[in-house]
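S.K.: The residues making up each chain are set out below.
2 protein chains.
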Amino acid sequence: MQIIDLTHKFDNITPVYPGDPVPKLDQIKSISKDGYSAFKIQSCTHTGTHIDAPSHILENGKTLSDFSLDTFIGRGKLIDVRGKSPITEKCLEGITIESTDIIILYTGFSEKFKKPEYFIDYPVITQDFANVLILKKAKMLGMDTPGPDRHPHAIHKKLLENDVLLLENMTNLKKLLSISEFRITALPLNLSADGAPARVIAEIQ
Amino acid sequence: MQIIDLTHKFDNITPVYPGDPVPKLDQIKSISKDGYSAFKIQSCTHTGTHIDAPSHILENGKTLSDFSLDTFIGRGKLIDVRGKSPITEKCLEGITIESTDIIILYTGFSEKFKKPEYFIDYPVITQDFANVLILKKAKMLGMDTPGPDRHPHAIHKKLLENDVLLLENMTNLKKLLSISEFRITALPLNLSADGAPARVIAEIQ
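Those protein sequences? They're chains A and B, same order as listed.
In this note's numbering, each number is its position in the first sequence, counted from 1, plus 352.
In this note's numbering, each number is its position in the second sequence, counted from 1, plus 352.
Quick caveat, the hints were computed from the structure, so don't treat them as lab data.
Quick look at which bits of chain B chain A covers, simulated, 3 or more residues with Cβ under 8 angstroms:
id	region
1	357–367
2	390–400
3	404–410
4	417–427
5	530–540
6	543–551
Beta carbons: idealized from backbone N, C-alpha and C, even for Gly.
Construct all of the structure, not just a fragment, from the sequences and the given hints.
M.R.: Next up, the structure:
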């Protein structure tokens, strides 16, 4: 079995959505002084590779804890949408989507992760594209961008109110391009909150 | 497929090893004021259910990033050691350990997770027990306690210098008692550090 890491590394220079608190990873105990090493982690629920729950954007929306664990595991379907914006329903032509699927958009944008334009110029999806995912009851929509849309986030709301979770800021999707069958496991920290950093992997038999 | 969560929930009252910074999960953005909700997370690398890397206790030891992802996935072998302390080599009699295995000690101690004695009275393993895991090249040793030993942590050192990672503060192990075959997936945050909080699940076919 081959395993591919689809998660950005978390450190002091992980970029964040404008206005979010900066990430911190600072050593607070050392072997020479304390006998062991430990670091303090400071993160926002939406820093780096993470999952959005409905309560991120919907009043009284569900938190991550309201979803069963099988939501975070599914058959991955990679859609190559490089150079496309908006990403329309047409990109789904010929692709069968089932309720066990995690749909992943490969835009190539993760190469810009540490550049200012990453949070500005990213490609977005259309309402029609979102509607197909809702109709087919996809578990999650993943992407190598900060999100599926921009302010006022109508598509965020639409997908999340229909329990299609969002898996944002993925990386290494290029490695999945020639792979026909893979499983996604996207395990978030165990928080009752509006989202959480997640470790995301693809497994190829 | 059945999935069991073996991870303690992370929140403001997650207990920590004496001296470690207290965990925080505080709302910093709200839908009514900011248009979206977000929380700030503060954690130590060794808070709640987490993995220890060698650099936790060994100068110039490996960090979590030095291990391939398959280290965190393996066949689970639950050993029922309730009422035993120390946990000796005898507890491994009749159990075949392979290099794909993640060995898990079920002590029942997770029931005390929020009581002060949790970090004091927990059962420990013997050097002989550790030697078998090293000899058989087990991937990880998991347990529903704060760790495999107490100060000065000779067994921590022994296991970690032989690349047997430690998966500490697990919960819900009781649910695995009657299960003969299961897979453990213990995915830590993607940090180059001495450990990290992890989401840990068991999958039963």
